[in-house]
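Trainee: The listed protein sequences derive, respectively, from chains A and B. Residues in the first sequence are numbered from 2 upward in steps of one, following the working numbering. Residues in the second sequence are numbered from 289 upward in steps of one, following the working numbering.
Source of the hints: derived by calculation from the structure; they are not laboratory data. As the structure is a computational prediction, the values presented were derived from the model and not from experiment. Wrong hints could be hidden among the right ones.
With a straight-line cut-off of 27 Å between C-alpha atoms, the simulated DSS-like cross-links for lysine-lysine are [said to hold, decoys possible]:
1. A/Lys58 with A/Lys18
2. A/Lys58 with B/Lys356
3. B/Lys337 with A/Lys72
Partial selection, computed: residues in chain A whose CB lies under 8 Å from chain B [to be verified]:
4. Ala3
5. Thr14
6. Gly17
7. Leu44
8. Pro62
9. Tyr65
10. Phe91
11. Gly108
The following label-pair restraints were derived from C-beta to C-beta distances [claimed, not checked]:
12. A/Lys58 with B/His370: 34 to 42 Å
13. A/Ser83 with B/Ser358: 27 to 35 Å
14. B/Gly304 with A/Ser68: 44 to 52 Å
15. B/Gly304 with A/Lys58: 28 to 36 Å
16. B/Asn329 with A/Ala3: 35 to 43 Å
17. B/Leu344 with A/Gly41: 25 to 33 Å
18. A/Ala3 with B/Ser315: 24 to 32 Å
No residue lacks a Cβ here, since even glycine has one placed at the ideal position from N, Cα and C.
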Amino acid sequence: EAQVTQNPRYLITVTGKKLTVTCSQNMNHEYMSWYRQDPGLGLRQIYYSMNVEVTDKGDVPEGYKVSRKEKRNFPLILESPSPNQTSLYFCASSSRSYNSPLHFGNGTRLTVT
Amino acid sequence: AQSVTQLGSHVSVSEGALVLLRCNYSSSVPPYLFWYVQYPNQGLQLLLKYTSAATLVKGINGFEAEFKKSETSFHLTKPSAHMSDAAEYFCAVSEAGNQFYFGTGTSLTVIP
Chain A
2 EAQVTQNPRY LITVTGKKLT VTCSQNMNHE YMSWYRQDPG LGLRQIYYSM NVEVTDKGDV
62 PEGYKVSRKE KRNFPLILES PSPNQTSLYF CASSSRSYNS PLHFGNGTRL TVT
Chain B
289 AQSVTQLGSH VSVSEGALVL LRCNYSSSVP PYLFWYVQYP NQGLQLLLKY TSAATLVKGI
349 NGFEAEFKKS ETSFHLTKPS AHMSDAAEYF CAVSEAGNQF YFGTGTSLTV IP
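So here's chain A without its partners, still in its complex pose (with noise of 0.2 Å):
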């Protein structure tokens, strides 16, 4: 089954922390992408990566980082947590074909105490 996923699907961690929340796709997809979901805000993108050691910043990018060492995962590292980055964040990928649609991972949902 084609899919994206996301681990883990909830997280509560201390400020200064630092974790690691990991996604995995399984269609070959060459983009990949990280948002955060906030009330009132919609989706926010924090990184993303066209393919394979190529990233770059979203519109939030600050106190978050990622890698791209191989084509399916693309994990999002917190470094030092605070609690403004308690959110609901999303992994997505896409084939970058023409009208090629986003397919999203289920969440994680991250609180920061």
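With the hints as your guide, set chain B onto chain A.
Mentor: Quick look at chain B alone, frame taken from chain A:
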């Protein structure tokens, strides 16, 4: 950069009534347009996408959207709302399959 505007963060309709969710985009070139739906505690699912083959696009669950270039709009409609349509709806625009831009979403409530 593109921008996407969804008028109305909350829309309520009675069961059986017409659903109309508005989306306007800013683009000087023909964009790639999508509507996504998000049910509670789930990720976003593709409802429909615009192709240049037709201005009226049919999606899943009876939804459709009409592309109007002169109005830079891509409004989502459904003739008769069902209780199961209650969800958050997002309009999105992409640039040549690269960057995707989302509206702030419209929460649809269906009143029995």
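Trainee: With reference to the structure, classify each hint as holding or not holding.
Mentor: How the hints compare with the structure:
Under the criterion of a C-alpha separation no larger than 27 Å, the hint pairing A/Lys58 with A/Lys18 is consistent with the structure, at around 23 Å. Taking the CA atoms of A/Lys58 and B/Lys356, the gap is near 32 Å; set against the 27 Å cutoff, the hint is violated. Of the pairs offered as hints, the one joining B/Lys337 and A/Lys72 holds, with about 25 Å between alpha carbons and a cut-off of 27 Å not exceeded. The closest approach between the C-beta of A/Ala3 and any C-beta of chain B is roughly 12 Å, which is over the 8 Å cut-off, so the hint fails.
The beta carbon of A/Thr14 comes no nearer than 20 Å to any beta carbon in chain B, farther than 8 Å, and the hint placing it at the interface is violated. Proximity of A/Gly17 to chain B is violated relative to the hint, the smallest CB-CB distance being about 28 Å (cut-off 8 Å). Hint status for A/Leu44: holds, given a least beta-carbon distance of 4 Å to chain B, under 8 Å. Among the interface hints, the one on A/Pro62 is violated; its C-beta lies about 14 Å from the nearest C-beta in chain B, farther than the 8 Å criterion.
Because the closest C-beta pair between A/Tyr65 and chain B is about 17 Å apart, greater than 8 Å, the hint is violated. Restraint check, A/Phe91 versus chain B: the minimum CB separation of about 6 Å is within 8 Å; hint holds. Nearest Cβ of chain B to the Cβ of A/Gly108: about 5 Å, under the 8 Å cut. The hint holds. Between A/Lys58 and B/His370 the CB atoms are about 41 Å apart, so this pair conforms to the stated range of 34 to 42 Å.
Here the CB-CB span from A/Ser83 to B/Ser358 is close to 46 Å, at odds with the stated 27 to 35 Å. For B/Gly304 paired with A/Ser68, a C-beta distance near 50 Å keeps the hint of 44 to 52 Å intact. The hint said 28 to 36 Å for the Cβ distance between B/Gly304 and A/Lys58, and at roughly 46 Å that hint is violated. Separated by about 21 Å at the C-beta atoms, B/Asn329 and A/Ala3 break the suggested range of 35 to 43 Å.
A beta carbon spacing of about 31 Å between B/Leu344 and A/Gly41 agrees with the range 25 to 33 Å that was offered as a hint. Distance hint for A/Ala3 and B/Ser315: a CB-CB separation of about 29 Å, consistent with the stated range 24 to 32 Å.
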